[in-house]
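Novice: One-letter residues, chain by chain:
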Amino acid sequence: MNCERAQRLISLWLDGMLGSEGEQALLAHIENCPDCQRVRMEWEQVRSVLRSYPSVALSPEFDRKLLSRLKAHKAPAPPLASQWLSHPAFRLASSAMCGLFIMALTLLLLMLHTEKPTTQPEQFSRWQRHGLGREVVQWLEEIEGRERRWQGAPSSSSSQLPSRSYRC
Amino acid sequence: MRTEAFAVSSAATLLREAGESELLARCRTGDLEAFAQLVQRYRNRIFNLAWQLLGNRDDAEDVTQETFLQAFEHLSEFRGEAQMLTWLYRIAVNACKMKMRQRRFIEPLPEDFEPAEEIDWSAVEERWLLKRKIDTVLAKLSEPLRLVLVLREMHELSYEEIASVLGIPVGTVRSRLFEARRKFAQIWREMFGDEIR
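So the protein sequences, as listed, match chains B and Z.
The working numbering puts the first sequence at residues 1164 to 1331.
The working numbering puts the second sequence at residues 170 to 366.
If you are wondering where the hints come from, they were derived from the structure by calculation, not from laboratory data.
Backbone N, C-alpha and C define an ideal beta-carbon position, used for all residues, glycine too.
Take the hints with a grain of salt, since some may be wrong.
[Stated by the list, open to error] Derived DSSO-like pairs (lysine-lysine); straight-line CA-CA distance at most 30 Å:
1) B:Lys-1228 x Z:Lys-268
2) B:Lys-1228 x Z:Lys-266
3) Z:Lys-302 x Z:Lys-268
4) Z:Lys-266 x B:Lys-1234
5) B:Lys-1228 x Z:Lys-352
6) Z:Lys-268 x B:Lys-1234
[Said to hold, decoys possible] Per label pair, the in silico range of CB-to-CB distance:
7) B:Ala-1235 x Z:Ile-356: 37 to 47 Å
8) Z:Asn-225 x B:Leu-1230: 22 to 32 Å
9) B:Met-1204 x Z:Gly-340: 21 to 31 Å
10) Z:Ser-311 x B:Leu-1230: 48 to 58 Å
11) Z:Lys-266 x B:Ser-1222: 35 to 45 Å
12) B:Ala-1267 x Z:Gln-271: 56 to 66 Å
13) B:Gln-1187 x Z:Arg-214: 18 to 28 Å
14) B:Ser-1211 x Z:Gly-340: 19 to 29 Å
15) B:Pro-1197 x Z:Ile-356: 53 to 63 Å
16) B:Pro-1197 x Z:Gln-206: 48 to 58 Å
17) Z:Ser-327 x B:Phe-1264: 26 to 36 Å
Throw the hints in and build the complete structure from the sequences for me.
Specialist: See below:
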């Protein structure tokens, strides 16, 4: 065992981290090595001196200062999810969303269960086909009807022209 | 006799832990009185750690305040897997590192410092002289070596606890401790003579 290795083991030995086998080998080395004996003694002194470091006390104002800073501070933050859940805006929004959803669902069900009125396909007059408004169409059809009555032609709102009979 | 003493100390530990978990539960609801009891329990250890790492009272008190404020704020993140003290040490060490980056260590003794004959050391209270010497040698260690040495030798944390506080592997704790002891003894010898006491 060389001194470098032995001194690494001394550090572990001081902390009780060396097994009995390693300890025996180390002690055997130290017995014949004045350098490692000195290192061991020095490090024991280092420990002793560091452990005798006088402990210091906090100033009397420490508690008062900390307490006032803690009071100014908010209470410990709960987890993020519960913060969101407990937020009034989140509660309001979620209630509104639920209401809307229920309304939409009700409407959908009503629409599905209500029978559709059977509507005849709308008969478009030829005026309507030209994209004219209802009032205009009514007015034009009225005029057309009047003309037909005057000419003795059969009244019809259909676009088909009356078939003419040519009698010879 | 030893067994009895062990049983008594184990029972005391269990009681302390039970009391601590109850205190923690109260703290989590924002109970300041319960938190004050926790502060009372740990403040001196945190303050001494900060002093040993930073070397002066004002910064050490600042760091101690900061440690407890952060602990209060992040209490919901403490899951109780580590010991409360180890968790507080981790916060304190990080706060100390921030402070160290903001400024140098205490005004160390000058580079050419030698124990001069004309200084009457006996007039200085012995323990404060020792403290001054330790502070001076610690100030000369690099930050990673100072941290492991203080946590091991002055706070008696295990290798695993040091690894947890500093967020490094146990193997690194081992090698840094070896280096820190060697360096501390060497600096001491150079500054104050052969005998370390």
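Novice: Confirm or reject each hint.
Specialist: Against the structure, the hints come out as follows:
{"no.": "1", "hint": "B:Lys-1228 x Z:Lys-268", "result": "20 Å, holds"}
{"no.": "2", "hint": "B:Lys-1228 x Z:Lys-266", "result": "23 Å, holds"}
{"no.": "3", "hint": "Z:Lys-302 x Z:Lys-268", "result": "22 Å, holds"}
{"no.": "4", "hint": "Z:Lys-266 x B:Lys-1234", "result": "26 Å, holds"}
{"no.": "5", "hint": "B:Lys-1228 x Z:Lys-352", "result": "39 Å, violated"}
{"no.": "6", "hint": "Z:Lys-268 x B:Lys-1234", "result": "24 Å, holds"}
{"no.": "7", "hint": "B:Ala-1235 x Z:Ile-356: 37 to 47 Å", "result": "43 Å, holds"}
{"no.": "8", "hint": "Z:Asn-225 x B:Leu-1230: 22 to 32 Å", "result": "24 Å, holds"}
{"no.": "9", "hint": "B:Met-1204 x Z:Gly-340: 21 to 31 Å", "result": "26 Å, holds"}
{"no.": "10", "hint": "Z:Ser-311 x B:Leu-1230: 48 to 58 Å", "result": "37 Å, violated"}
{"no.": "11", "hint": "Z:Lys-266 x B:Ser-1222: 35 to 45 Å", "result": "23 Å, violated"}
{"no.": "12", "hint": "B:Ala-1267 x Z:Gln-271: 56 to 66 Å", "result": "59 Å, holds"}
{"no.": "13", "hint": "B:Gln-1187 x Z:Arg-214: 18 to 28 Å", "result": "37 Å, violated"}
{"no.": "14", "hint": "B:Ser-1211 x Z:Gly-340: 19 to 29 Å", "result": "27 Å, holds"}
{"no.": "15", "hint": "B:Pro-1197 x Z:Ile-356: 53 to 63 Å", "result": "22 Å, violated"}
{"no.": "16", "hint": "B:Pro-1197 x Z:Gln-206: 48 to 58 Å", "result": "53 Å, holds"}
{"no.": "17", "hint": "Z:Ser-327 x B:Phe-1264: 26 to 36 Å", "result": "57 Å, violated"}
Hints 5, 10, 11, 13, 15 and 17, counting from the list given before, are not met by this structure.
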